[in-house]
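Colleague: Protein chains in written order, with UniProt numbering: chain A, 1 to 442; chain B, 1 to 306.
It is worth saying that the hints were derived from the structure and are not from the lab. Predicted model only: the values in this text are computed from it and were never measured. Take these hints with a grain of salt, some might be off.
Dumping the calculated DSBU-like pairs for lysine-lysine here, alpha-carbon to alpha-carbon at most 30 Å [claimed, not checked]:
1) K79(A) <-> K350(A)
2) K203(A) <-> K398(A)
3) K347(A) <-> K299(A)
4) K299(A) <-> K350(A)
5) K319(A) <-> K422(A)
6) K203(A) <-> K299(A)
7) K203(A) <-> K154(B)
8) K398(A) <-> K56(B)
9) K172(A) <-> K154(B)
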Amino acid sequence: MRATAPIRTWFALVLALTLAACGSAKDEGRTTLVIQRFFGSCEAEYGANTDIASAEGECGIMTSIINAFEKANPDIEVKQNVVFWPGYDQLTAQLAANDAPDLVTMHGSVIADYQARGLLDPLGPDLAAIGITPDQFTPAARRAVTINGRVWGMPLDSWATLWHINMNLFRKAGLVENGRPVLPHSPDALLAQAEQFGRRTGKPYFVAPTANEYASFTRNFYTMVMQQGGRVYTGPRHANFQTPEARRALELFRTLYRRGLMTRNMDYSSAVSGFLNGAGGVFLVGTWMVQDFDTASRKPDRPLSNGYAVVPYPAIFAKDVTFADGHNWVMPHDPDRTPAERQAARKFLKFFAAHDIDWSRTGHLPAFSRVVEADAWQALPHREDLARLTETATPLPKQIRRQFPIETIVGQEAGAAITGAKSVDQALTDMERRVNAVLQHI
Amino acid sequence: MATAFSEPTAPIPAEPPKRRQAATWGNLLFVVPYLTVFAIMLVIPLGWGIWLSTTKGDLFGTDRWVGLANFIRLFRDPIFLETVWNTFYFVLLTVPALAAIGLALALVLNRQTRWAAVLRTIFFASTVLSVTVVTLVWRLVFLPDGGLLAVVTKALGGTPVAFLNDETLAMPAIAITTIWWCIGLPMVLFLAALQQVPRDLYEAAALDNASRWTTLTRITLPAIRRTFMLVLIIEIILQFQLFGQPQLMTLGGPNNATRPIVLFIYETGWRQWELGYASAAAQVLFVMILLAAMAQYRVSSRREET
Numbered sequence: 001m002r003a004t005a006p007i008r009t010w011f012a013l014v015l016a017l018t019l020a021a022c023g024s025a026k027d028e029g030r031t032t033l034v035i036q037r038f039f040g041s042c043e044a045e046y047g048a049n050t051d052i053a054s055a056e057g058e059c060g061i062m063t064s065i066i067n068a069f070e071k072a073n074p075d076i077e078v079k080q081n082v083v084f085w086p087g088y089d090q091l092t093a094q095l096a097a098n099d100a101p102d103l104v105t106m107h108g109s110v111i112a113d114y115q116a117r118g119l120l121d122p123l124g125p126d127l128a129a130i131g132i133t134p135d136q137f138t139p140a141a142r143r144a145v146t147i148n149g150r151v152w153g154m155p156l157d158s159w160a161t162l163w164h165i166n167m168n169l170f171r172k173a174g175l176v177e178n179g180r181p182v183l184p185h186s187p188d189a190l191l192a193q194a195e196q197f198g199r200r201t202g203k204p205y206f207v208a209p210t211a212n213e214y215a216s217f218t219r220n221f222y223t224m225v226m227q228q229g230g231r232v233y234t235g236p237r238h239a240n241f242q243t244p245e246a247r248r249a250l251e252l253f254r255t256l257y258r259r260g261l262m263t264r265n266m267d268y269s270s271a272v273s274g275f276l277n278g279a280g281g282v283f284l285v286g287t288w289m290v291q292d293f294d295t296a297s298r299k300p301d302r303p304l305s306n307g308y309a310v311v312p313y314p315a316i317f318a319k320d321v322t323f324a325d326g327h328n329w330v331m332p333h334d335p336d337r338t339p340a341e342r343q344a345a346r347k348f349l350k351f352f353a354a355h356d357i358d359w360s361r362t363g364h365l366p367a368f369s370r371v372v373e374a375d376a377w378q379a380l381p382h383r384e385d386l387a388r389l390t391e392t393a394t395p396l397p398k399q400i401r402r403q404f405p406i407e408t409i410v411g412q413e414a415g416a417a418i419t420g421a422k423s424v425d426q427a428l429t430d431m432e433r434r435v436n437a438v439l440q441h442i
Numbered sequence: 001m002a003t004a005f006s007e008p009t010a011p012i013p014a015e016p017p018k019r020r021q022a023a024t025w026g027n028l029l030f031v032v033p034y035l036t037v038f039a040i041m042l043v044i045p046l047g048w049g050i051w052l053s054t055t056k057g058d059l060f061g062t063d064r065w066v067g068l069a070n071f072i073r074l075f076r077d078p079i080f081l082e083t084v085w086n087t088f089y090f091v092l093l094t095v096p097a098l099a100a101i102g103l104a105l106a107l108v109l110n111r112q113t114r115w116a117a118v119l120r121t122i123f124f125a126s127t128v129l130s131v132t133v134v135t136l137v138w139r140l141v142f143l144p145d146g147g148l149l150a151v152v153t154k155a156l157g158g159t160p161v162a163f164l165n166d167e168t169l170a171m172p173a174i175a176i177t178t179i180w181w182c183i184g185l186p187m188v189l190f191l192a193a194l195q196q197v198p199r200d201l202y203e204a205a206a207l208d209n210a211s212r213w214t215t216l217t218r219i220t221l222p223a224i225r226r227t228f229m230l231v232l233i234i235e236i237i238l239q240f241q242l243f244g245q246p247q248l249m250t251l252g253g254p255n256n257a258t259r260p261i262v263l264f265i266y267e268t269g270w271r272q273w274e275l276g277y278a279s280a281a282a283q284v285l286f287v288m289i290l291l292a293a294m295a296q297y298r299v300s301s302r303r304e305e306t
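Construct the entire structure; sequences and hints are all you get.
Modeller: Below, the structure is given as structure tokens:
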């Protein structure tokens, strides 16, 4: 025993040193790029996939693009932190602890919060160094990353709430003409169509997540107000929700809910599966579901089989606008970032810009005008109908900060009004008070 | 105190004062590691939190000192006041139930049989689950569209109730989830206490032909009074800190009906970046827990004295 113990110790030491040497040899000369993203984790399915064209869905395409980047750049090791959506609490904690990743996915509506606090590096010069200039972005994408004339991120896409339509039910309801869905262009027409749909199909017109889900209420509410030309934000620190436009928007949804023209008690995932199973005619949800619903419509013997259409929000009121946001890559400020790491980040951004069309297969709108104009993008299902969104998609003004918590407040109050828990006037009063409390204490 | 049996003893010579003092200070070394951790992990953060509650700032620095402005704003904030009520309501729904059900389970399972051991394990098993798993399971129970309760209700010819989407029922639904999740700890504490009750008291009661009720109220309950108080205090402290269940099951809704103080603190501090305001709310919660636990302690102590 006494003789073998030192031998074992020496053997273990030599093995450890050998392994350490192998490890360092492997990593020698490789630059580590730390990226942090949402869009979920799908390692089991796409963990080793580098064939971007074969990938489906946000997670699959994102993972495959990153894998392909690593394959094309053997000198760069990409470390990926996949955060639970949207991951800003975690990012804020990391930045407070001086543990900034190199690149992070961030909504356009959130960029101003971090930029104003000096937590982001401007990306304009880096993008210019790799041949990307703001004039290449779509108007919606450019608005998302530009603050005071400076570019603070590279846009991945723009998104907006769409009308996903079950054409099989629309046909049954007599709301299809020349193969196209008949869309309402006034509140009265919407209510009349929804009543007709209900009578003929026995189902609600809208599939809507009304339980434990607030973002959807907010986005629809903002769109309805914008379509009337209303402005709920009269300055960077002031919201005015007690307007006729805001009242009309909430009352329209409240009427739809009260008359049973919207599904009830569905959370987000129930609403998605509800739409797939023919629970209603129109699902108001974002661009990210286009590919999933289109794929489902190609399967036989399903409620959505050969019966899926998707269009931008119709102009229910006077103006043809839709509230929009978008995903972007931003670079958190890190004084310790080396030139090699910054160069790796540039390469990564260039690679993503080159694959914008792959990313737009998710259903999100491309961030680059050249992709919108490309035949390959327009040949994708439904994209012809969606192209005008790159012009009509309208985010909130950039100077409005804390848009994410405000989205929850607006959604909570709008939800309370729509489901009848509060009067519309009370909900708008509370909404205004709560949002102003946030804005005025920034 | 000297008694009749005390033997007169020679006085113990006192040690020189200097040496005794040195020995006392030396003993302190034994508690220094604990005191250091206690100070770093509890005392300093508590003081820091109190200071932060008087400032305006975010995680990246304080902007300025605002005195009691955050507290004044808190008590004028209808949403915060609702969260205070929601938290109290939740504590009222859960703590007595946890104590009563925990005691009942312990009384039933306090026997040395194989089935009692199996059932004790089953009832305790839910405690080891994470809040994520617990809420996922119970959402599947409460879902009005295909959830367990909905299926049973439909089978009985009724209309499913949207528990989590109903202002009146959402908090009781969260309370049921919590009781299911947390019942293990009170049960185990009561079981431990029951096993400490001297057997001879029960034997004496049996010889006196005491009924089960008399045995319970005259022997068992008085004997485990201290544990009962401990369970109440522990559960008050735990349940005042409600967070994960509403965050994952209702997001504080519908119409703010299930938003507790900790969720308010989280949303204010992390989502709205108002660290000072969130800290003020945290201090209010700290005082509430302290007062509730002390009140419970005093009430129980007085009863014991009488």
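Colleague: Please name the hints from earlier in the document that this structure breaks, with their numbers sorted from lowest to highest.
Modeller: Violated hints: 2, 3, 4; rest satisfied.
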